[in-house]
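Two independent chains are provided; combine them into the complex using the hints.
Protein sequences appear in the order of chains G and H.
Per the numbering used here, the first sequence starts with residue 1, numbered consecutively.
Per the numbering used here, the second sequence starts with residue 245, numbered consecutively.
It cannot be assumed that every hint is accurate.
Label-pair ranges, simulated between beta-carbon atoms [as the list claims (entries may be wrong)]:
#: 1; chain 1: H; residue 1: Arg-358; chain 2: G; residue 2: Ser-25; range: 44 to 50 angstroms
#: 2; chain 1: H; residue 1: Asn-456; chain 2: G; residue 2: Thr-170; range: 50 to 56 angstroms
#: 3; chain 1: G; residue 1: Gly-41; chain 2: H; residue 2: Arg-358; range: 53 to 59 angstroms
#: 4; chain 1: H; residue 1: Leu-341; chain 2: G; residue 2: Gly-66; range: 42 to 48 angstroms
#: 5; chain 1: G; residue 1: Val-88; chain 2: H; residue 2: Arg-527; range: 46 to 52 angstroms
#: 6; chain 1: H; residue 1: Arg-358; chain 2: G; residue 2: Arg-108; range: 26 to 32 angstroms
Quick caveat, the hints were computed from the structure, so don't treat them as lab data.
Note that the structure is predicted; figures quoted are calculated from it, not measured.
We put the CB at the ideal spot given by N, CA and C, even for glycine.
Okay, here's what each chain looks like letter by letter:
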Amino acid sequence: MSTPLLETRGVWQRFGGLVANSDVSISVGRGEIVGLIGPNGAGKSTLFNLIAGVLPPTQGSIWFDGEDVTALPAAERCVRGVARTFQVVKSFETMTVIDNVIVGALVRNTVMRVARRKAHEVLDFCGLAGRANVLASDLVPSEKRRLEVARALATEPKLLLLDECLTGLTPLEAQTGVELVRKVRDTGVTILMVEHVMEIVMPLVDRAIVLDLGKVLVEGKPNDVVRDPKVITAYLGDRHAVGA
Amino acid sequence: MDTDFAKRRRRDLILAFCLAAIAAIVPLFVKDSYVQNIMVLTLMWAALSQSWNILSGYCGQISLGHALYFGIGAYTTTLLFTKFGVLPWFGMLGGGLISAVIAMGLGYPCFRLRGHYFAIATIVIAEIGLLLFHNWDWAGAALGIEIPVRGDSWLKFQFARSKLPYFYFALALACVAWFVTWWLEDSKWGYWWRAVKDNPDAAESLGVVVFNSKMGAAAVSAFLVAVGGSFYAQFVSYIDPESIMGFHISLLMALPAVLGGIGTLWGPMLGAVILIPLTELTRSYAGGSGRGVDLIVYGGLIIAISLARPQGLVGLFSPARKEAKQ
Numbered sequence: 001m002s003t004p005l006l007e008t009r010g011v012w013q014r015f016g017g018l019v020a021n022s023d024v025s026i027s028v029g030r031g032e033i034v035g036l037i038g039p040n041g042a043g044k045s046t047l048f049n050l051i052a053g054v055l056p057p058t059q060g061s062i063w064f065d066g067e068d069v070t071a072l073p074a075a076e077r078c079v080r081g082v083a084r085t086f087q088v089v090k091s092f093e094t095m096t097v098i099d100n101v102i103v104g105a106l107v108r109n110t111v112m113r114v115a116r117r118k119a120h121e122v123l124d125f126c127g128l129a130g131r132a133n134v135l136a137s138d139l140v141p142s143e144k145r146r147l148e149v150a151r152a153l154a155t156e157p158k159l160l161l162l163d164e165c166l167t168g169l170t171p172l173e174a175q176t177g178v179e180l181v182r183k184v185r186d187t188g189v190t191i192l193m194v195e196h197v198m199e200i201v202m203p204l205v206d207r208a209i210v211l212d213l214g215k216v217l218v219e220g221k222p223n224d225v226v227r228d229p230k231v232i233t234a235y236l237g238d239r240h241a242v243g244a
Numbered sequence: 245m246d247t248d249f250a251k252r253r254r255r256d257l258i259l260a261f262c263l264a265a266i267a268a269i270v271p272l273f274v275k276d277s278y279v280q281n282i283m284v285l286t287l288m289w290a291a292l293s294q295s296w297n298i299l300s301g302y303c304g305q306i307s308l309g310h311a312l313y314f315g316i317g318a319y320t321t322t323l324l325f326t327k328f329g330v331l332p333w334f335g336m337l338g339g340g341l342i343s344a345v346i347a348m349g350l351g352y353p354c355f356r357l358r359g360h361y362f363a364i365a366t367i368v369i370a371e372i373g374l375l376l377f378h379n380w381d382w383a384g385a386a387l388g389i390e391i392p393v394r395g396d397s398w399l400k401f402q403f404a405r406s407k408l409p410y411f412y413f414a415l416a417l418a419c420v421a422w423f424v425t426w427w428l429e430d431s432k433w434g435y436w437w438r439a440v441k442d443n444p445d446a447a448e449s450l451g452v453v454v455f456n457s458k459m460g461a462a463a464v465s466a467f468l469v470a471v472g473g474s475f476y477a478q479f480v481s482y483i484d485p486e487s488i489m490g491f492h493i494s495l496l497m498a499l500p501a502v503l504g505g506i507g508t509l510w511g512p513m514l515g516a517v518i519l520i521p522l523t524e525l526t527r528s529y530a531g532g533s534g535r536g537v538d539l540i541v542y543g544g545l546i547i548a549i550s551l552a553r554p555q556g557l558v559g560l561f562s563p564a565r566k567e568a569k570q
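With the rest of the complex left out, here is chain H (with noise of 0.2 angstroms):
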């Protein structure tokens, strides 16, 4: 029985390890940048939808406005640099601190709302948040900010010719996100997480402390946000309220997991491998004809998922939902 268990762990490892080898391997042969382009921002969202999912999936605290601890990644780092010359490095090192004590400071009053309760007050704070940006005007205020073009450098994170070095950015961060998730599920929080989701007073009974368990699930998960948006900031060189803090950047964190699958280690994964370069690529098709084509897509998915396997894409492999048959 325990063997079983350490075996689909270190299965889970093997697997990881091999896709992310793969992964590493194929930009040296796709050499076309729009190409490349996707699979940054696939790596990118995937990395996101895996930090979001750890609160709003292992957790069961749905969050729709993760969008407010991605721009504080993008604003704090940028900030730094244009305002101060601090090297981006640190800037991402900062604003995930910065994002994980307000999300802490957030969920003191927010974590005593349930369900949808919790997930109006994330959606309010985030939009909140985007106004003050907004009108904040030493941080560029609407306009926004332009991070200046220092020349290519790993010290400042700027490379104008090459994508490559954003690839393996974003792969090392989407690798750390799942292998903070990995880690995790196999721990006390990871237990105390699922066990807050499913029930929270039996959870309680059981000596869980569901108040500090969401808190801590709040903070590691808007830490690596943060970072996802420190990254990204980097990636446009360009940041404004409207593109790092609005809604849908919130709901692009929550599509993937939900569909390859809410509160799965390879849910998130899979879903953003899925969702991204199909909205990418219907974007490109589309052309100009607007940016809702891409958004109707994903409407679509998400209906065609919820009809026809809510608990996801990955639920297609679930060992559980197998041996539950026999």
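Bound conformation, chain G alone (with noise of 0.2 angstroms):
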């Protein structure tokens, strides 16, 4: 217990000249809801590459249970418990709702028949289970959120990254997701969220890790975050700081 789950130490990343993410480190604890925030163009979604592993970091490394992973490719990080969804979704289309999530299900399962029961339960477990044999290519948008997030459980990961799966969703839409996420934080799986709509993603989370500009800006209880006059600075403005 006393490791983290997840651990960045220092990481940058550069593409050309410009710096994506400039040491940052921070630090996932197991059974956690921690919230990625931060203005658009923080440098959020190149970290959570970096967790899933699409790409290298240029400099520093990332730890998962224990373990440097740093060089592993996505695959290999899926197989040893790091799944994610994606901000524009990535469904495969020509496939049923229940082919997708048989995909995910194969990582640890290799006979078919249990793999194929494994994704009935997790469809199941997200509310899809009516929608399975309907072609991905089918599903209105917040479906789709929901098979991504399915598709990532059925390979039964220790730490899910969730790219702005409640962005975009009806008020109602959302609130079912924001249920779906406690709902799988209570199957003992930790949660790493990035998010943009601070009222859904304040009274969710354990901990709120703020960035800005590359870097980590604040750290701490999400009601502490709100409050911090470097992050009111950074989402609104110098102006608005002042008053806080």
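Put into structure tokens, the structure is as follows:
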């Protein structure tokens, strides 16, 4: 329990002259829901991609479950227990919903019948059981978001990375999404989520990390974070910081 | 839910078995050798298209250079037989294995390319192969090689008098290609391939090793196509680079799958059953007036299908479609 599940140590990412992440060191403990927030262009998505293994960091290291995974590709990290959703949904459009989830379930189950059963369980858990045999391309946007989560959960992750999975939903859909995230956490999965909509994230997360201009700005309890003058400045500019 | 799926799989298998059984009886009643010839070609192209479909349909890596593997299969069998007296059966196996290895060797650099760039690379590589055989004197160069007739026998896989043995082999090949596809469709590989086709990034995030998936698909696909090439060499008993490795061979492998339904189990079969007899007939009716007419028919069909039913004729029966509409 002492070692955090996920740790980034002095991570840098440069794209040519642009520094997307500079010296980012964060950690996520087991069983936590951690929110990663920050204004547009703060480097949240880049950090997410580094943790998921889409690209290696320019400098620094990433530790998962007490192991240095910096050099491991995305597929290998998934096997270790890192799963993610995408900000722009990436369903397998020509496959049915159940087949989408089976792809994820195959990470832990080699027997097809078992993988299929597992996929059905996950769909049930995510409230998509009724849509199992529909093509992914025929789902409505909120269902596609849930499919992203279902597919990721089917890999039986220790850490689930949610990239703006509640953005762009109606308030009601977002509320269902929040309940799903809580339900996932209750099964023992640690969650790191990027989110824009503050009023949704803040009540949900145990801890918030604010990124700005590629750096960790503030880290702490949600209530403290939203009152922090540095955070208000980052989001709204200098004029608003005075009153806080 | 599970039982529905299992039922559909079993229904496919039973249907295939019945169709194969019916096909096996047909030549006993249809004695006309011209018609039998068309049937052999139809089955062969069905098998080839089915094999092509594994890499290009399921895994989504559109290859327009599969003539290379067809040619390697044909040449391996023929060269081994004419130069060393090795029985064609070993040649088939050898040609298949060589093709699979070459497919992976070529895949190593080429699978880093995506979409159209990959397709273009396959065309170029197949053309290089064609040129190499054109200039390879030991392999007959542009003149080609005639397979010497050594009398009818299953051992040497030569039959001068009857087309029936060829028919049954082509039928068996089509069945094998279909069955391999059926079997792989509900395996880890089948799911990995379709995931890679639809979205490689998402696939990778779900533990799919994209590169290995493509390599696996290429190897299986090339192996089966090469066996088809070996068969064709025995069937026509004369091979030369242009007729074995020309671009039209690659195209002919792709078209039935595209017509019937790319990336589907039944698409290539359905496509071949429609396309091959049609072109053979137009070719014979058009007579000596030129080889172009069958190509015009191809073109017309492809335009019609892409306008009316881009997912292929099989889409008419797709269960997923039907449920979505409800």
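Hint-by-hint comparison with the structure:
1. H:Arg-358 - G:Ser-25: 44 to 50 angstroms: violated (35 angstroms)
2. H:Asn-456 - G:Thr-170: 50 to 56 angstroms: About 41 angstroms separates the Cβ atoms of Asn-456 (chain H) and Thr-170 (chain G), which means 50 to 56 angstroms is violated.
3. G:Gly-41 - H:Arg-358: 53 to 59 angstroms: The hinted range 53 to 59 angstroms is violated for Gly-41 (chain G) and Arg-358 (chain H), with Cβ atoms some 27 angstroms apart.
4. H:Leu-341 - G:Gly-66: 42 to 48 angstroms: Since the Cβ atoms of Leu-341 (chain H) and Gly-66 (chain G) sit about 44 angstroms apart, the hinted range of 42 to 48 angstroms holds.
5. G:Val-88 - H:Arg-527: 46 to 52 angstroms: The hinted range 46 to 52 angstroms holds for Val-88 (chain G) and Arg-527 (chain H), with Cβ atoms some 49 angstroms apart.
6. H:Arg-358 - G:Arg-108: 26 to 32 angstroms: Distance hint for Arg-358 (chain H), Arg-108 (chain G) holds at roughly 29 angstroms.
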